[in-house]
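*Asks:* The chain contents come next:
Number of protein chains: 2
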Amino acid sequence: MPYTAPLDQIALTLRTVARLGDLAATGAFPNFDADLVEPILEEAAKLARDVVAPVNAQGHKTGAKLGPDGVTAAPGLKNVYAAYREGGWMGLPFPEQWGGQGLPRVLSLAVMEMLQGANASFALCPMLSLGAVEALLAHGDEAQKTTYLPKLVSGEWTGTMNLTEPQAGSDVGALKTKAIPNGDGSYAITGQKIFITWGDHDVAENIVHLVLARLPDAPEGSRGVSLFLAPKFLVNADGSLGERNKVRCIGLEHKMGIHASPTCVMEYDGATGWLIGGPNKGLAAMFTMMNSARVNVGTQGVGIAEAARQAALAYARDRKQGAAPGVDSAAPIILHPDIRRMLMNMEASVQAARSICYACAAAADLAEHASDPAVRAAAKLREDLLTPMAKAWSTDKAVEVSNTAVQIHGGMGFMGETDAAQYYLDARITPIYEGTNGIQAIDLVGRKLSMGGGGAMSAMLDDIRATAREARNANHPHLVAIADRLDAAAAALGEATTWMAAAMKDKRETALGGATAYARLAGNVVGGYFLTRSAIDELKTDGPLRDRAIGLARFYAEETLSRAPGSVAGISSAAEALTDTADLILG
Amino acid sequence: MPYTAPLDQIALTLRTVARLGDLAATGAFPNFDADLVEPILEEAAKLARDVVAPVNAQGHKTGAKLGPDGVTAAPGLKNVYAAYREGGWMGLPFPEQWGGQGLPRVLSLAVMEMLQGANASFALCPMLSLGAVEALLAHGDEAQKTTYLPKLVSGEWTGTMNLTEPQAGSDVGALKTKAIPNGDGSYAITGQKIFITWGDHDVAENIVHLVLARLPDAPEGSRGVSLFLAPKFLVNADGSLGERNKVRCIGLEHKMGIHASPTCVMEYDGATGWLIGGPNKGLAAMFTMMNSARVNVGTQGVGIAEAARQAALAYARDRKQGAAPGVDSAAPIILHPDIRRMLMNMEASVQAARSICYACAAAADLAEHASDPAVRAAAKLREDLLTPMAKAWSTDKAVEVSNTAVQIHGGMGFMGETDAAQYYLDARITPIYEGTNGIQAIDLVGRKLSMGGGGAMSAMLDDIRATAREARNANHPHLVAIADRLDAAAAALGEATTWMAAAMKDKRETALGGATAYARLAGNVVGGYFLTRSAIDELKTDGPLRDRAIGLARFYAEETLSRAPGSVAGISSAAEALTDTADLILG
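Just so you know, the protein sequences line up as chains L and R, in that order.
Using our numbering, read the first sequence as starting at 2 and increasing by one per residue.
Using our numbering, read the second sequence as starting at 2 and increasing by one per residue.
Pulled out of the complex, with its shape left as it was, chain L reads as follows:
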């Protein structure tokens, strides 16, 4: 069954969680018109279903190929990319000055979710370009912007991030690639980079590599890292393409999944590049790309999970096995309560993850554009707090949901050629790249909890409690029950936060041992908060979407929020036990 964008759920999330109305009220998006949202989403859904999804399975089988002239994309992807470029999708969230449409980035994220669901390998290509554009917008000089931004924003060229080296994965500061001044303002870059997504391909005429490297006199570690731009083809003064730069793909990784995304070993052999931002300022520029990439990877998790959910639902409706309540034999397996439980968990998980990701992107929009500086500051705190949750919680759910989809398919799910298997394999990279989920948890407890005097999480908890009150006052029996669960869950998250904040000061190593369990609780509670918000907002409306929102919030409250109060000791006491016992047991 082909992927079909869940337009109702996406629109509901944009309305009730991202609160597009608030973004429009900033006045920062003159092109934005509420009536445009539906047609944009519908066009994107068509692209995803009719163009992008149909080549997904073939790409999984064939993969990209490396030949003497570089990488050839998997069958069909050149046409897919052309359709994406011609639709002007790349420019959606970028300034009109550079050829973009100046729309909220959360709208771009909704489009990205559809591409990810349709074909995660393909969607990585524009996803990396997005990061490159953000980095150039934030750190490029005018000449660099003028030369590269129009081509990247139009999608004529694509962008990459070149960070990782064999000895420098999570620890970017350990990288060894060198950049030597050529004396003409350019640099000669030499070194090897690994795991470079869409590092080479034939779907666009040029590739703009953003490369981390060290200047000759750079300090050690991450403070001595600079960012360079090195295009595949050098660009002449008139904007035409010049000679081939000395950077090439010398190998493709054989991976578990995302086979149609070429993961390149890149060799820089004195490649010509230009410094972006100041010397030794590479880390700041990298974080610009990474923050954009983190919510995008979270959304990749949402897209894959949504696709897996659809495949499982279709299979469960179609596959007949045994008797079920009300049917004597050959009942579709969706009638079995245990299958229904799995499907409902998938529904609730996907919608909660979608909400966290969209809320994160909407906060980024507000943080940049709100007219009131206090609103901007609060939104920035919210964006920073939600970024590690968007990345880690959503991608953990992607693995979990796609795992459940395999399970629902039974033996067929284990066959390498089913869609369910592909989603499971594609999903597995998402908790790893753009900062492992462990690193996200450390970021959450190590930076985000103390940021703004601890204000980010306390503001979040205030919002959750206010929403619980609103739910209780909504005069609807299910919402009252949900309010009870949400209140208790907020109290648990508050208690865990208090412990964590104190432990980070007094016994940092112990605290870090509880980071992942804390991050999971935080995501669980915040996810339930957003589901409750949607249910409250939809209460005013009528019809199946409303009942669906209430039903999902209710199921999630009983299934997931109900466990929150009992999970605090699994953070704090388990971290203490870890500190005491691990030396002996791990050696």
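If you are wondering where the hints come from, they were derived from the structure by calculation, not from laboratory data.
Among these hints, one or two may not hold up.
Copies of the same chain are indistinguishable here, so a pair counts whether it falls within one copy or spans any two.
[Unchecked claim] DMTMM-like cross-link-like pairs, simulated, lysine to aspartate or glutamate; straight-line CA separation at most 25 Å:
#	residue 1	residue 2
1	Lys179	Asp142
2	Lys506	Asp329
3	Lys321	Glu221
4	Lys62	Glu254
5	Lys321	Glu254
6	Lys79	Asp23
7	Lys177	Asp548
8	Lys62	Glu418
9	Lys79	Asp463
10	Lys282	Asp329
11	Lys321	Asp51
12	Lys321	Asp488
13	Lys247	Asp548
14	Lys66	Glu418
15	Lys62	Asp444
16	Lys508	Asp185
17	Lys321	Glu166
18	Lys321	Glu268
19	Lys177	Asp373
20	Lys79	Glu244
21	Lys247	Glu206
22	Lys179	Asp203
For this one, chain L is given, so just place chain R on it according to the hints.
*Replies:* Quick look at chain R alone, frame taken from chain L:
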């Protein structure tokens, strides 16, 4: 790093959980001698490490091949099987009358764990033979036993289970394969079977297929299913091999993992077979094989999880990234608390799963051999209760632990050719075959809770509470804390059991919606019970194994048992919410 059998942990589990001493005291194992255990385990460990494990990675890459003459096993497996056969390992748990060694089956299970950890694809071959032998021992007539058992018990021939057909997976009663009497006591079997593990190969000279099929006048559904024996080569009266039977492999599945295990489509084209057990008694015979297979698949989960744990531990000690507490830069990642948490969870999960599987097999030994009928009956209840937990909980943990191993490997873990990736892919089938884990949960709440008037679970809870008392009285601070967690967890399991037992009577559909969550809680608590048992028993001893057992029990108590009291609503209330909301949301 090659797989190395965890001899200390295996021996500890046999001693403190399987309680080999109790088995010896039955007098049913005259060949059993406590001094023999260590040399047997050490020999098996050598076989696993030196012979079986070294071809595991190659088998993953190459897989089995189907040619005109049938299936050729992956490189090296013929030699591996020869070593296994020559070592006499196949006969370990079977009666001396048929060439076996008459030792407890739990000892055979410990050996099986090592084979599974070393090479899960290979270990499936003897694992299927074990099930065939059990079925013949229980249901074959004397002539059948005399003809086939000596060859199967010696390992000269292998056995298979032929159950599944495209329309008949979990619902075996839907199968269509026909068996027509030939008039000479034999039957002509015609039909197609899929997903047949090691259905054809070249590592042994003959293959004994046990096949479910329907007699001409059979009733519909599972009551009309009979079991037949159809060898690959017919056996002459003198025991020599005769002509090729009309059964052959016509296709191999392309799977996500266990590539070196040939998963065959088998075509029966009037193949000659003989009825095992009575007409239409196939289901009972099938359950003999399945019950043996379920604890074996659980143990496959333990073996793969153990191998993944070892790979992750070795990688975490070797891989250097960034600063860690006490080290400024390039610290091995094992020093990071979040990595330590993952490794400790793996340790505790593997040991708890091992304990559940071994306890299940030991109960089966006692149920068959104890001299006191009351002991036999109680042991049978325990075996029946633990079987679905051994299968489902251990295999869920196999997926979880191998998933964590991939995560610890970071980007390298996603590369298709690393050991961690192979374990992850191999593990994924284990929650599916031999009855999906959803079916195990339904078996637990639907049959096992009501069995013996509900006595199986109440006896289990009594044992758990008695162990908590023993821990509290042990006069050791950590054991007192563990006792508190175990008591609270037992109370939670008791509460959930009361709800579940009542709901299964009053509102079966709702109850079944809580089955998986209930089974997970039961496994969590029973796993903690066994870890506590080991800690108490080891208290009398001295040295690192004792401290390790206490440390593991303590970490698990805080990390996992502490969550039990908060998870009851996630069973009962979530099942109610499921019943109320799923119709609307799933359509």
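*Asks:* Treating 25 Å as the Cα threshold, decide for lysine 247 and glutamate 206: within, between, both or neither.
*Replies:* within (16 Å within a copy, 59 Å between copies)
*Asks:* Have a look at lysine 62 and aspartate 444 and pick one of within, between, both or neither, based on CA distance no larger than 25 Å.
*Replies:* Neither: 37 Å inside a copy, 38 Å across copies.
*Asks:* Taking 25 Å as the upper bound on the Cα-Cα distance, should lysine 321 and glutamate 166 be classified as within, between, both, or neither?
*Replies:* For lysine 321 and glutamate 166, the Cα distance is within 25 Å only across copies (13 Å; inside one copy 50 Å).
*Asks:* Regarding lysine 321 and aspartate 488, is the shortest C-alpha distance of 25 Å or less found within a copy, between copies, in both, or in neither?
*Replies:* The answer is neither: 41 Å in one copy and 43 Å across copies each exceed 25 Å.
*Asks:* How do lysine 177 and aspartate 373 come out at 25 Å by Cα distance, when the copy is not named: within, between, both, or neither?
*Replies:* neither (44 Å within a copy, 72 Å between copies)
*Asks:* How would you classify lysine 508 and aspartate 185 at a CA-CA limit of 25 Å: within, between, both, or neither?
*Replies:* neither (51 Å within a copy, 80 Å between copies)
*Asks:* From the Cα coordinates, with 25 Å as the cut-off, is the pair lysine 282 and aspartate 329 best called within, between, both, or neither?
*Replies:* between (69 Å within a copy, 22 Å between copies)
*Asks:* Within a copy, between copies, both or neither: which one fits lysine 79 and aspartate 23 at a CA-CA cutoff of 25 Å?
*Replies:* For lysine 79 and aspartate 23, neither the intra-copy (38 Å) nor the inter-copy (69 Å) Cα distance is at most 25 Å.
*Asks:* Classify it for me, lysine 321 with glutamate 254: is the Cα-Cα distance of at most 25 Å met within a copy, between copies, both or neither?
*Replies:* between (40 Å within a copy, 21 Å between copies)
*Asks:* 25 Å Cα cut-off: does lysine 66 pair with glutamate 418 within a copy, between copies, both or neither?
*Replies:* both (19 Å within a copy, 18 Å between copies)
*Asks:* With 25 Å as the alpha-carbon cut-off, assign the pair lysine 79 and aspartate 463 to within, between, both or neither.
*Replies:* Result: close neither inside a copy nor across copies, 48 Å intra and 66 Å inter.
*Asks:* Tell me, please, which holds for lysine 177 and aspartate 548 at an alpha-carbon limit of 25 Å: within, between, both or neither?
*Replies:* Neither: 56 Å inside a chain and 43 Å across chains, both beyond 25 Å.
The structure fails hints 6, 7, 9, 11, 12, 13, 15, 16, 19, 22 (numbered hints given earlier, in ascending order).
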